[in-house]
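**Student:** Chains as they are written, first to last, in this note's numbering: chain A, 42 to 406; chain B, 42 to 406.
It cannot be assumed that every hint is accurate.
A pair counts as met if it fits within one copy or between any two copies, since identical chains are not told apart.
[What the hints assert, rightly or not] In silico lysine to any residue, SDA-like type, Cα no more than 25 angstroms apart, as pairs:
no.	residue 1	residue 2
1	K406	C215
2	K78	E163
3	K406	E216
4	K406	T392
5	K400	T192
Quick caveat, the hints were computed from the structure, so don't treat them as lab data.
Number of protein chains: 2
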Amino acid sequence: MSTDNKYMQLALEHAELGRGNVSPNPLVGCVIVKDDKVIATGYHKEFGGPHAEVDAISKVDGDLKGCTVYVTLEPCTHHGKTPPCADLLIEKKPDRVVIAMEDPNPIVKGNGISALQGNGIETSVGILVEEAMVLNRVFITNMIEKRPFVTAKFATTLDGFIAQRDHESKWISCEDSRIDVHKFRSEIDAIMVGSGTVRQDNPMLDVRLAKGRNPKRVVLASHLQLPLSSHLLKDENANENTIIYCTNEAQNIKLVDQLRSEGLNVKSISKNSKGKVDVSLALRDLLKEYHIGHIMLEGGAKLFSEFYELDFIDEIITYQSPKILGSGISPFEYIRPLHLSDDSRFRLAKTDVIDTDIKAVWARK
Amino acid sequence: MSTDNKYMQLALEHAELGRGNVSPNPLVGCVIVKDDKVIATGYHKEFGGPHAEVDAISKVDGDLKGCTVYVTLEPCTHHGKTPPCADLLIEKKPDRVVIAMEDPNPIVKGNGISALQGNGIETSVGILVEEAMVLNRVFITNMIEKRPFVTAKFATTLDGFIAQRDHESKWISCEDSRIDVHKFRSEIDAIMVGSGTVRQDNPMLDVRLAKGRNPKRVVLASHLQLPLSSHLLKDENANENTIIYCTNEAQNIKLVDQLRSEGLNVKSISKNSKGKVDVSLALRDLLKEYHIGHIMLEGGAKLFSEFYELDFIDEIITYQSPKILGSGISPFEYIRPLHLSDDSRFRLAKTDVIDTDIKAVWARK
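Starting from the given sequences, assemble the full structure and let the hints guide the process.
**Tutor:** In structure tokens form, the structure reads like this:
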């Protein structure tokens, strides 16, 4: 591995330390090297907090003459919650800045690199760029698509079903798989379910089996067919953590008022041609109003199918158990049937054995 | 690892060298050790050929005084195609014989060990017994169940389907997965399909994508609804390698005569309560008359479902691809639906990534 790759790898590892706390900001790591020795490291620790470059530079006395700065994302040039990092680097005068990837944010893209170069600082761009893009796939989707990154998660039987035909789905996967899901919940910003899943499963969608914070719970309920007694509407986190999307039709007005009077967060938005909540509007709203950069779909088949048809699924995580059902509910059974001659939108990115199950991550091609 | 485990592991590796050539005999390996040095190795190379002990002992001059003999299966005591190995060992007088597992064959079981002990040879039994049982799971099933070991193999989409609803199933898995299947075909004795698969897919069921011999092709066709032009009935291997099972009903007699006059091997056997071929009789016949120790089911869903209901599936091999269909044919869709509260008969034994797919082996618990 080249020297640049070695230090960029270290910067990527530091970036990873911010996971779960920075969304919808990017994960960024920074390593400062002098005479082939690491003299400081830093990373973006929390949403709105100091950027990775600031964190690392704060640990070095004086300027950065003779230093190379490795940073996983192009230094920013805009005044956001913190001053521009490019200005700080220009002030500290490192010999060279090595950057994994350009900032996909249109108001930064390329400007940080130009600013450094215009001030006589040598730059190298594209070191471990693929790894950096995987690391910040959520941020990239947020910036380019203006919506949260969407992970669809489901457990299936050996023969591919996510529930019995009568909707019973407890428990397909093993306890260790469920713990793994709870750990993942603590790293993302929100979980989304359809109203059918609330009625049939009455899920809590919290982090009980692992340590970490609870994500927001988002319910797509076009016609507000939700039992008032369900966990998502009644538990101690309901007012703070539950967001309900329904259509802005007249027939919903009374129910919206009733739920709001209970302190619940109900948002009525335009309907699509099928009379259901316009998912693209809901997603934009979640990113813009609630800073939800990464959302996980946890069912049911109608939700998975609608997101698939709209091409809003960025990643699928499956847990396959050894159970056999024979017949049951398939994850995408409401889509217009596809053909084997069609290319898949997904590719296998990762597999793990979790006790009795196979966990697989399928990434968007 | 203890010394015994080390040499038994070596004996197991030698046993493996016979794979594909000894069925329905067991895979057996033998290692002879003197003064902590391996002085000879042997294995059972082909059906009816010398046993592993004979193979190894033939490489040593004189007797085996001072030697320990490691053998993966209890030495035989019966006069079969070759003289009893226990007698040969008694004649050669090793100090000790280490045995992984007892012979499950009721006419040997325990007798080989008793014979050695009765003649003053120290014996140790059960070294790496689990590995030996996995190695000889086919032979054990043959001996105890009096039928071939049954592997059900299917490729599925990400969402669990083995074909489109219109039965189109080319190609779910990637080319490397298909090569892997052909390699496996060369190691087993026969492939079985239902008549629907012959009509819909017209498969060749041979070893084209890998090196090795072709297995027999067995068709369950209760009412002989098979196109005369299909590969399995017409290709150059049809008379030699295809076995067709139908019921012995009067309505089949004319078709049976016609197929036999074409040189085809048609066996008419008793029907079950549903008027179909009695699968248990067909399986016994395959082991007894054709020495088929290991058979692979390659579809379709009716065949998989019938074998599942009869509890004749010993192993499932799945290849899961990244394709999505939405709806399609499920592998066990003809079984009486099961419940998630039911225990699975299977456990995950092995996973591999094969190019774009996940290969998983699910073993009978």
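**Student:** Now, for every hint given, state plainly whether the structure supports it.
**Tutor:** Outcome of the hint check:
no. : hint          : verdict
1   : K406 <-> C215 : between (29 angstroms within a copy, 16 angstroms between copies)
2   : K78 <-> E163  : within (19 angstroms within a copy, 64 angstroms between copies)
3   : K406 <-> E216 : between (30 angstroms within a copy, 19 angstroms between copies)
4   : K406 <-> T392 : both (16 angstroms within a copy, 23 angstroms between copies)
5   : K400 <-> T192 : both (14 angstroms within a copy, 23 angstroms between copies)
Consistency with the previously given hints is maintained throughout, with no hint failing.
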